[in-house]
Structures are given as C-alpha cells and as structure tokens.
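**Q** Protein chains in written order, with the numbering used here: chain B, 23 to 367; chain X, 23 to 367.
Please keep in mind that the hints were generated in silico from the structure rather than gathered at the bench. Quick caveat, the model's predicted, so the values are computed rather than measured. Any given hint might turn out to be false.
You can't tell identical chains apart in this list, so a pair holds if it fits in one copy or across any two.
[Unchecked claim] Restricting the straight-line Cα-Cα distance to at most 27 Å, the calculated cross-link-like pairs of lysine-lysine (DSSO-like) are:
{"hint": "1", "residue 1": "167", "residue 2": "199"}
{"hint": "2", "residue 1": "259", "residue 2": "147"}
{"hint": "3", "residue 1": "214", "residue 2": "147"}
{"hint": "4", "residue 1": "113", "residue 2": "80"}
{"hint": "5", "residue 1": "98", "residue 2": "28"}
{"hint": "6", "residue 1": "359", "residue 2": "59"}
{"hint": "7", "residue 1": "230", "residue 2": "214"}
{"hint": "8", "residue 1": "113", "residue 2": "259"}
{"hint": "9", "residue 1": "28", "residue 2": "208"}
{"hint": "10", "residue 1": "118", "residue 2": "214"}
{"hint": "11", "residue 1": "118", "residue 2": "199"}
{"hint": "12", "residue 1": "167", "residue 2": "259"}
{"hint": "13", "residue 1": "59", "residue 2": "167"}
There are 2 protein chains.
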Amino acid sequence: MPEFRKDPILGRWVIISTDRGKRPSSFGNLPKQEDPKMCPFCSGNEASTPPEVLAYRKSGSEQNKPGWFLRVISNKYPALRIEGSLDREPKGIYDKMNGIGAHEVIIENPDHSKDLADLSLEEIKRVLWAYRERALDLQRDRRFKYILIFKNHGDAAGASLEHTHSQLIATPIIPMKVADEIAGAKRYYDFKERCIFCDIIRQEISDKERIVSDYGDFISFEPYASRFPFETWLMPKQHISHLVDFSDDIFIYLAEALKDTLNRIRVALNNPPFNYILHTAPTGNEYNNLYHWHIEIIPKLTKIAGFEWGSGFYINPTLPEDAAAFMREVDATHAEKLFNAHVSV
Amino acid sequence: MPEFRKDPILGRWVIISTDRGKRPSSFGNLPKQEDPKMCPFCSGNEASTPPEVLAYRKSGSEQNKPGWFLRVISNKYPALRIEGSLDREPKGIYDKMNGIGAHEVIIENPDHSKDLADLSLEEIKRVLWAYRERALDLQRDRRFKYILIFKNHGDAAGASLEHTHSQLIATPIIPMKVADEIAGAKRYYDFKERCIFCDIIRQEISDKERIVSDYGDFISFEPYASRFPFETWLMPKQHISHLVDFSDDIFIYLAEALKDTLNRIRVALNNPPFNYILHTAPTGNEYNNLYHWHIEIIPKLTKIAGFEWGSGFYINPTLPEDAAAFMREVDATHAEKLFNAHVSV
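Use the sequences and the hints to build the structure in full.
**A** Right under this line is the structure:
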C-alpha cells in the first residue's frame, strides 16, 4: 500500500510508492524503449493494460477492444490506490496517511506514430474533453482535494512509453507548489481584490515582448520570471479556475492554442522533451476568485535541474523576451512535416 | 548584466543570466566531454581559468601556477556579478534587481582522475576548509544574505566539467527552498521551543531504521519523507547553524563522514550522478536557534523530476527504510578500488 509522508520541516507531502516498481538493485537498468508492435497503448493490445475507465469509440465497438479514438485506463503501476480510507496517523514527530488516490493514463490516440501536436484539432479537443470528463467524475469523490493532469513527452522528461499519453493523479492533499501558488495569489487578492493572473495577462498584452501568440480567447507567453529557457504558459483571458468550468464551445479554441504552442516549441527547439502541467484550482469553489486556470509547458533543455530543485534557486540562461521573440518567428505549421512519422508502424 | 526577477505569484526570485552562455539556437548541441589534457581545472592549465581567489599551495609556488592542492576561482561563466549595487526596481506589476553576487568554483584537487570520495581525509578536510574560508570572506560583504555551496557530480547532475569541483554562489536574497525551511523550522520552534532538526536526529537515532551510519559527531540517514530514492542527509548531532561555526577539530570528522557517505552511495548505486547541497542558515545570527546545518545528497537515479519540480509533488518508488538498510550493508571501503582511476591522465 502506498503512503503519503509529510516532510516535518517543509510540510510537504511525498508519495512513497514501492509499487511503482524500482527496487534498490534495479537502478541504472532502465528498460529499453519497447518494440512499437508490443506497445500496450496501441490498438489491438488492449488486453495488456488495466480495463478502460473511459473510452471514445466507434459506435458498436466493444469495451477494451480496438475501435477506440481515445482510452483512459488506470495506471498499471499506480502511485496511489483508489480503495480505502485516509487514516492519518503520527509516527513520532512524523505524519503519514494512506496512499489513497487515483492514477490514470489518458491514451490520447491509437496511432503510435503521432505526438499530441500532430493530432487534428478535433482529436486534441477530444483529449481535453477526456481531461474534463475524468476530472468531473473524480471530483465527486469527497476524499480528493486536487486533480493533477500532466504530460511527460520524451524519455528525458520522464515518459516511460513513447506512445502519446497524459496522466491524471487525484489526491487527498493539495500539492505544495499549488498551495504556494494559492497562498501567493491570495496575498495579492487580499491586497488588490483582483486576480493576479488577470493582472499578469493585462501587463503581458500591454508589454507585448513576452507574448508568443495571442489566440483571441487564450494567450501563450514566456513568464517574466521564467525558471527555464522557453518555459511557456498558456492561459485563458477569461478568469476561470477549473477546466471543467469552460463552456463547451471554447474547447476547440483551447485545442488550437495548445497545438500551435506545442508546435512552436517543437520547431524552435527541435522536438525537445517537455512536461506540461495543467494548473487548476483545488476541487470545490473556495479559490475561484483568485485562481486562474492555465497550462505550464516546460521544455527539458538543460541538465542543471538537480541543484535547482534542491535549493529552489533557478538560473535561467535565456531572457524570456528573447525566447518569446524566437517563438513568435517560428512557422508552427511546418512542425508536422518536420517531425511526423518519427516511427513507422 | 544578469538580473534577479521575482515571480509575482510565488515570490520566488530567479536569476536570468544570459552570460551563462546558451543562446536560443544552441540548445540540443551541448559540447562533448572535454579532452582531459585540455581540462582547465588540471594543474598546468591555470591560465585558462579566471585568477584564483584562494589557493592552498606548496610553499614557494606562484599564484596561478602549478603547485596547488586546491584552488578557488571565479566562475568563468558567472550567474551573478560581484560589482555594483542592488537597485531594486518595479516593472509594472513585476520586480527586478541587479544580478549582484559571487559565483566561484572550488577545484578540489589537481588530480583529474579522482572524485571527491577518492581523496584522503586530509584532502577532503581541505575542501571543507576552503568552503569555510570562502564563506567567512564573502559574508563580510553586507550585500550578501546567503552563501550557497553545492556540488554537481556527473553529466546528468549538471556537472559541465568532469574534474572534481564544487561551486559557491553568494546572493543578496535567500533562496526560496531555504526560506521555506526556515519558515517551517520557525513554526516548530515557536510551538516547541526546540530545533526541529535536533528532534529529527533524536527520533532517527531512536527509530534506527533510516540511519545509514552513526559517525559519533555526525549521522547520515534517509529522511522520513525522502523525495528521491537514496536521498541522504548528513547532519551534525551538535546544534550548529553555519559551517563557519564548527570548531577547527571537527572538520576531520566531517570529512570522514562525508567520504564514507559518498562512497556508500557510489557502491550501492554504481557511481551515480548526484548533487549535494550544504544547507546553512542565512548570513548573520538571526536564525541560529532554529536552523541546523546539514548536507543533503541527492543521487540522480530517476528521470521523473520534470513533472515533479513543476508540481512540487514527489513520488518516491523506494522506501527510505529499504534504502537505508541497503546503504548500511555496503562496504564503502571498496569504493576506491571499484571506481578510482576512471580516467587515466
């Protein structure tokens, strides 16, 4: 059974999950990239994954069989377990809690050769729609305070399978970074009675120099205090705290903005590994005034992260304004020609 | 000129330092490992580094010439600049500050073939002594609030040169992780009127199961809420807040504990890349009651850090108790035979 343990100094909860597989002796022996034909996320190999919790399929096709456009499954090596009660308990000066939560995988497309940015707008919209549908379902479970959706792209960014997918983790605690963001946004809100993210958008639109693209309903930009080169945020201009609160008709515009932004990163940086994380308010409506939904995309270009996650002290060798200028110049429409069909199946 | 920029949401300062060299077009083209004969940190190549700010040398040898046992130089590609005044200024809702600071490199030994853990106790003591001497010197500069000393070992941990070295960054701000640690330690101190680190040591000695080694004056252990597999902390039992406050005679015991701990990590994990960070109180004596000096060593074993530094949400696949048991079993004395002379010069 996985467990949450609380760092007594920082108050940060960590998941200790030995089910995730790696035993002491196995470090340094990461499995090689799988044979695409054996890929558990490919159509035809449904039996090698846990059963689907959601799928969009051709009408008439059977559950856990081919014929799907998108599948959501439980993670085969889950960091958290869905069954049980929370049970906080002390361990001397320490605190622990059962590792309750959900850990799901969104298989974005059956085609092994395509990355998210290669998909059509309708297909990307479907991915976002699946995020929303799973979040709506899981937030009904009162044990869960936060639903974290993210994507690791590329080996160096932590993707253990190449086939395009995202992950969702629902947790009974609010991740520390999110708690810090809320605390900061609340400080500002208490002082100004305005959402800090809305004010950031205003300033970015007025300054222009860090904007990557203005999509009308969304903007992408390089944040003023970017930690990493080409760190890019995608944000709705409308103040909205949860993906589930967007009106239905806006999803296609979000798909368009996300596809364009990912393709710009792909062309500018030659298909780098990256992580993106959906930044959403905790479940419930407590922080709706002050928290502004957005996506943070972080290309993994430098290797200096080790010291930096240790100290919280980031050194960014690239001016965000330079990165934004570079990203604006890019012809994103060429991305698919350049990078598609990187694997022939 | 580098600059500090403040994240308006989190209040975190980031260093934007384009002098660090990488321009947009150069990503993905990291230079190959240098030819050892051309290594700027080797004896004989002193002219290819900035002049030394400190050196321990054979008596009679000349500055910036061979004959040294240890050299401290300014970083050739400094993240911060020593000259100038701080000058905070607003930029709309944002805040910036001149990138004032010191960025130095401690070349631990002239021998290219040796890692820190290969050095004799006297040589390691000399490294720690140099840390102390540089910290003492730099803390006299009233502009500096924090002196951060760290080591990146191995390419994957961000070391750009193989030759064994550490780095020092003196900054006019307290890094966010340190500020968070101090805030947490203060919460505990306000409640208990005791140092939380001292209480952690008490509990670890009593629990035994996370101890790697008890060195008498120091202990090494796997923290209860370890973020990473084999994350290892080395801590003095005596409550002390700064390296500069240790009595002279204790340095040899710290050298012994550090060498043994690094060698256990080396044997247990087959010479992994790692980072270590000296965790010290900010300059001055304000936090001396509540902050406890220690070293955090983080082997870089997993690739999943990307999502994790984005969310602050860590998933550790290894029980700290299992890692500690594994580390206790290791015969650290074999490390030098196993890993020494990995380069013949």
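**Q** Work down the list of hints and note, for each, if the structure agrees.
**A** So, going through the hints one by one against the coordinates:
| no. | hint | verdict |
| --- | --- | --- |
| 1 | 167 x 199 | both (14 Å within a copy, 24 Å between copies) |
| 2 | 259 x 147 | within (19 Å within a copy, 57 Å between copies) |
| 3 | 214 x 147 | neither (35 Å within a copy, 53 Å between copies) |
| 4 | 113 x 80 | neither (52 Å within a copy, 53 Å between copies) |
| 5 | 98 x 28 | within (25 Å within a copy, 40 Å between copies) |
| 6 | 359 x 59 | within (24 Å within a copy, 44 Å between copies) |
| 7 | 230 x 214 | within (23 Å within a copy, 51 Å between copies) |
| 8 | 113 x 259 | between (46 Å within a copy, 21 Å between copies) |
| 9 | 28 x 208 | both (24 Å within a copy, 17 Å between copies) |
| 10 | 118 x 214 | between (37 Å within a copy, 20 Å between copies) |
| 11 | 118 x 199 | both (19 Å within a copy, 22 Å between copies) |
| 12 | 167 x 259 | within (25 Å within a copy, 38 Å between copies) |
| 13 | 59 x 167 | neither (38 Å within a copy, 57 Å between copies) |
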